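S.K.: Construct the complete structure from the given sequences, taking the supplied hints into account.
Sequence order for the protein chains is A and B.
Just so you know, we're using our numbering here: the first sequence kicks off at 1 and counts up by one.
Just so you know, we're using our numbering here: the second sequence kicks off at 240 and counts up by one.
What the hints contain is simulated information worked out from the structure, not anything from laboratory work.
Just so you know, not all the hints are guaranteed correct.
In silico DSBU-like cross-links for lysine-lysine, where the CA-CA straight-line distance does not exceed 35 Å [as the list claims (entries may be wrong)]:
(1) A:Lys12 x A:Lys180
(2) A:Lys180 x A:Lys139
(3) B:Lys411 x A:Lys139
(4) A:Lys180 x A:Lys130
(5) A:Lys139 x B:Lys336
(6) A:Lys139 x A:Lys186
(7) B:Lys411 x B:Lys336
(8) A:Lys186 x A:Lys12
(9) B:Lys328 x A:Lys186
(10) A:Lys12 x B:Lys336
(11) B:Lys328 x B:Lys411
(12) B:Lys409 x B:Lys336
(13) A:Lys130 x A:Lys186
(14) B:Lys409 x B:Lys328
(15) A:Lys130 x B:Lys409
(16) B:Lys411 x A:Lys130
(17) B:Lys411 x A:Lys180
(18) B:Lys409 x A:Lys139
Keep in mind the model is a prediction, meaning the values are calculated, not measured.
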Amino acid sequence: MLDKKGAEPLLKVRNLEAWYGESHALHGVSLDIHEGEVVTLLGRNGAGKTSTLRAIMGLVGRRSGSITYEGREMVGLRSDLIARSGIAYCPEERGIFASLDVTENLLLPPAVRPGGLSVDEIHTLFPNLKERARSPGTKLSGGEQQMLAIGRILRTGARLLLLDEPSEGLAPVIVQQIGKTIRELKARGFTVLLVEQNFRFAQTVADRHYVMEHGRVVETVANADLNSSLDRLHEYLGV
Amino acid sequence: MDDFFGIPAPLLFGQLLLGLINGAFYALLSLGLAVIFGMLNVINFTHGAQFMLGAFVAWLLLNFLGLGYWWALLLAPLIVGAFGVVLEKTMIARLYKLDHLYGLLLTFGVGLIIEGLVRNEFGSSGLPYRIPPELSGAWDLGFMFMPVYRGWVVLVALVACIATWLVIEKTKIGSYLRAATENPALVQAFGVNVPRMMTLTYGAGVALAAFAGVLAAPIYSVNPQMGSNLIIIVFAVVVIGGMGSILGSVITGFGLGIVEGLTKVFYPEASATVIFVVMAIVLLTRPAGLFGRA
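M.R.: In structure tokens form, the structure reads like this:
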């Protein structure tokens with residue numbers, strides 16, 4: 001029911017383990033993401049959600065297991081080569097560069113494939129970025145920084161977006177705008193893997209949810225079943 | 240235009256010019272150090288030896304291949320820069336994960352080895368390198384004689400500093416460089432080959448030192464110590480300007496050259512120490528340097 005049977009997943013993760021120095025962050029994560037899906041990773045702080053995104057992107061110290069994207073094994077690749085194969089990452093801390101203005105931040109990630117959004121299209125999605133084009137990146141409000149962090153990875157032609165808590169710390173009206181953007185990206189055919197603590201927000205954008213605990217995926221829930229699974233999820237999420 | 244505060248004008252302007260010339264070298268060298276430190280987090284103690292190598296390569300090109308000053312200005316930075324690329328790839332790159340101190344010790348050691356090898360081969364008395372005929376002679380400015388070559392050095396150093404600043408602040412490559420200085424892991428996760436960028440940045444910083452070395456060859460005699468004599472002052476300049484600040488190192492370089500020149504006129508006894516006095520004052524009042532971010 002949950003998987004589109006027959007089609008090979010766009011991203012297939014099997015038994016992914018990851019370490020930061022001596023600390024063992026992921027203990028065998030497996031998940032599938034199909035083309036065009038929006039999937040969230042839910043779970044408490046420290047469950048391994050951010051580590052999963054960072055491990056897919058090659059930003060952890062050491063990892064093992066298997067990560068295939070479009071059928072290619074990526075687990076041994078350097079992060080720049082992973083990006084070049086069409087995966088883009090928006091970190092939790094947003095990673096806006098203080099010494100670059102808004103336009104320079106927007107144009108920083110190199111195009112990895114044809115077919116990315118044009119700067120005009122990004123300005124249509126996020127009009128604030130156009131008005132503040134010459135401001136230093138870190139002079140923007142939190143919401144504008146989040147728009148910039150998402151906007152700049154839409155240009156590159158990457159088809160799989162890894163978004164780490166885009167709603168965190170933002171006013172409700174901005175969270176709604178981010179939600180609308182994610183639905184629009186899905187309509188444009190982007191595939192999104194989203195880390196969220198706020199599952200009310202996750203519910204408004206996602207097709208499917210993976211629930212993580214102690215560095216593993218413990219449960220898969222279709223968005224339609226989310227409300228009926230609430231009691232069970234409360235245990236995992238502590239909400 | 241006879242005298243200022245009882246100082247004869249030719250003396251004053253002569254020392255000011257000398258200060259500007261020294262300042263030009265301080266600026267060029269501290270600029271390369273700042274670029275390297277910003278990107279690699281390595282304090283490049285080999286910088287003085289690489290400056291000296293630039294001058295020696297110019298001398299070798301002239302005496303063994305018959306290639307004169309203009310060719311040296313082009314080729315010596317490329318040759319010494321390529322040596323820097325090899326040094327970065329084979330040795331310095333292995334130390335990025337360790338404390339800064341290891342990079343400092345390695346580059347310090349490599350600098351001593353290079354200087355020793357050159358001294359062994361060429362002796363320490365110094366080799367002559369003539370001013371190219373196009374740049375010899377002097378202009379009569381009315382209040383003083385200005386040697387053409389010295390004017391040329393100040394001009395070229397200024398142009399090189401401004402060009403470096405423009406590349407870093409106004410180009411795409413510069414925006415990668417600035418971003419990678421802040422957060423190299425994220426820039427790499429966007430698909431930029433950051434390790435290669437670090438190698439090339441080191442090569443460019445070293446090439447800049449060698450370029451300064453070629454400019455210096457006709458002014459100072461070409462000798463193995465020419466770099467280590469200068470580099471102590473350049474490190475003081477970098478500390479005063481603020482580690483890693485591009486514009487800061489350029490302004491501080493020229494500024495301190497002039498301060499040094501004026502001290503020679505007004506209080507010659509202090510001229511050898513004035514820069515270190517300024518350094519001590521700056522460290523006590525603004526530890527991050529005049530242009531550094533704390």
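S.K.: Next step is simple, just say for each hint if it's right about the structure.
M.R.: For each hint, the structure was consulted:
About 27 Å separates the Cα atoms of Lys12 of chain A and Lys180 of chain A, which keeps this hinted pair within 35 Å; it holds. Taking the CA atoms of Lys180 of chain A and Lys139 of chain A, the gap is near 24 Å; set against the 35 Å cutoff, the hint holds. Pair hint Lys411 of chain B plus Lys139 of chain A holds up; C-alpha atoms about 21 Å apart against a cutoff of 35 Å. For the hint pairing Lys180 of chain A with Lys130 of chain A, the CA-to-CA distance comes to about 19 Å; that is within 35 Å, so the pair holds.
Between Lys139 of chain A and Lys336 of chain B the alpha-carbon distance is near 31 Å, which keeps this suggested pair within the 35 Å criterion. Distance restraint check for Lys139 of chain A and Lys186 of chain A: the Cα-Cα separation of roughly 30 Å lies within the 35 Å cut-off, and the hinted pair is therefore satisfied. Proximity of Lys411 of chain B to Lys336 of chain B is assessed by CA-CA distance (about 27 Å); at most 35 Å being required, the pair is judged to hold. Proposed proximity of Lys186 of chain A and Lys12 of chain A is supported: the alpha carbons are some 19 Å apart, at most 35 Å.
For the hint linking Lys328 of chain B to Lys186 of chain A, the alpha-carbon distance of about 43 Å lies beyond 35 Å, and the restraint is violated. Proposed proximity of Lys12 of chain A and Lys336 of chain B is supported: the alpha carbons are some 31 Å apart, at most 35 Å. A distance of roughly 24 Å separates the Cα atoms of Lys328 of chain B and Lys411 of chain B; the hinted pair therefore holds under the 35 Å criterion. A hinted pair counts as satisfied when its Cα atoms are at most 35 Å apart, and Lys409 of chain B with Lys336 of chain B qualifies at roughly 30 Å.
Of the pairs offered as hints, the one joining Lys130 of chain A and Lys186 of chain A holds, with about 23 Å between alpha carbons and a cut-off of 35 Å not exceeded. For the given pair, Lys409 of chain B sits about 28 Å from Lys328 of chain B by alpha-carbon distance, which is consistent with the 35 Å threshold. Restraint check for Lys130 of chain A and Lys409 of chain B: the C-alpha separation of about 19 Å stays at or below 35 Å, so the hint holds. A C-alpha spacing of about 19 Å is found between Lys411 of chain B and Lys130 of chain A, which places the hinted pair at or below 35 Å, so the restraint holds.
Our distance criterion of 35 Å between C-alpha atoms is met by Lys411 of chain B and Lys180 of chain A, whose separation comes to about 32 Å. The suggested pairing of Lys409 of chain B with Lys139 of chain A holds, with an alpha-carbon distance near 19 Å, which does not exceed 35 Å.
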